[in-house]
Amino acid sequence: QKEVEQDPGPLSVPEGAIVSLNCTYSNSAFQYFMWYRQYSRKGPELLMYTYSSGNKEDGRFTAQVDKSSKYISLFIRDSQPSDSATYLCAMSPILTGGGNKLTFGTGTQLKVEL
Amino acid sequence: NAGVTQTPKFQVLKTGQSMTLQCAQDMNHNSMYWYRQDPGMGLRLIYYSASEGTTDKGEVPNGYNVSRLNKREFSLRLESAAPSQTSVYFCASSVGVGQPQHFGDGTRLSIL
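Order-wise, the sequence lines are chains Z and H. With the first sequence counted from 1, adding 2 to any position gets you the numbering used here. With the second sequence counted from 1, adding 26 to any position gets you the numbering used here.
The shape of chain Z in the complex, shown without the other chains:
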């Protein structure tokens, strides 16, 4: 079993819909959680990062962490065709210190249709 599981999709939604993207994980030591967006033929781009449990909002994006369930989510409100991309979650035990690298999910492909 992988440490981080992410549904690969593809997920297709109409423009304006609320999108929910999710990851589950098994390592209870993970404390920091990140979401990356990757457009076709580009590198991953950091969207949001959060610490421990709770919510963080940035414009149309909300990141949510539920450590008790080992479950994180990214919500996209009022989705746009420009949101069409692959979304990867990533997590780390701590933000500083040697040897603690990021663990990535495999990514969910999202398509927002006109």
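No wet-lab data here; the hints were simulated from the structure. Since the model is a prediction, treat every value here as computed from it, not as a measurement. The C-beta atom is built at its ideal place from N, Cα and C for all residues, glycine as well. Please note that a few of the clues may not be correct.
Stated by the list, open to error - Straight line, CA to CA, 20 angstroms or less: simulated EDC-like cross-link-like pairs of lysine to aspartate or glutamate:
{"id": "1", "chain 1": "H", "residue 1": "Lys35", "chain 2": "H", "residue 2": "Glu105"}
{"id": "2", "chain 1": "Z", "residue 1": "Lys72", "chain 2": "Z", "residue 2": "Glu17"}
{"id": "3", "chain 1": "Z", "residue 1": "Lys58", "chain 2": "H", "residue 2": "Glu105"}
{"id": "4", "chain 1": "Z", "residue 1": "Lys58", "chain 2": "Z", "residue 2": "Glu17"}
{"id": "5", "chain 1": "H", "residue 1": "Lys83", "chain 2": "Z", "residue 2": "Glu5"}
{"id": "6", "chain 1": "H", "residue 1": "Lys35", "chain 2": "H", "residue 2": "Asp52"}
{"id": "7", "chain 1": "Z", "residue 1": "Lys113", "chain 2": "Z", "residue 2": "Glu47"}
{"id": "8", "chain 1": "Z", "residue 1": "Lys44", "chain 2": "H", "residue 2": "Glu105"}
{"id": "9", "chain 1": "Z", "residue 1": "Lys4", "chain 2": "H", "residue 2": "Glu99"}
{"id": "10", "chain 1": "Z", "residue 1": "Lys72", "chain 2": "Z", "residue 2": "Glu115"}
{"id": "11", "chain 1": "Z", "residue 1": "Lys44", "chain 2": "H", "residue 2": "Asp52"}
{"id": "12", "chain 1": "Z", "residue 1": "Lys44", "chain 2": "Z", "residue 2": "Asp85"}
{"id": "13", "chain 1": "H", "residue 1": "Lys83", "chain 2": "H", "residue 2": "Glu99"}
{"id": "14", "chain 1": "Z", "residue 1": "Lys4", "chain 2": "H", "residue 2": "Asp52"}
{"id": "15", "chain 1": "H", "residue 1": "Lys83", "chain 2": "H", "residue 2": "Glu105"}
{"id": "16", "chain 1": "H", "residue 1": "Lys35", "chain 2": "Z", "residue 2": "Glu47"}
Said to hold, decoys possible - Where chain Z lies over chain H, by a calculated footprint (3+ residues, C-beta under 8 angstroms):
{"id": "17", "segment": "38-50"}
{"id": "18", "segment": "122-132"}
Given the coordinates of chain Z, work out where chain H should sit on it, guided by the hints.
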């Protein structure tokens, strides 16, 4: 704002040829990484450098070598390319290990 720059963007090699992929960052980051990304496999860490002067193996290091040339530059070398190394290679950097990473746009490598 260049961020992380990778060269070349595309390359085709024949089996057995050697090649060095170059990566440079201008964010004064301490840590740098090399990943490969294959369909259905996600990002897999090949090697990383926690700080200038150090390198360590990641998840899939076999067939690769790295050099941290200075704080800015981290290169990945394939000594004898194999078709199984056909992939998209990404370089990334971060302030420190475990912190959010910033990625280049990748090198698409095909080995025939």
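request  = Sort out which numbered hints this structure fails and list those numbers smallest first.
outcome  = Those not satisfied are hints 2, 3, 4, 8, 9, 10, 14, 17.
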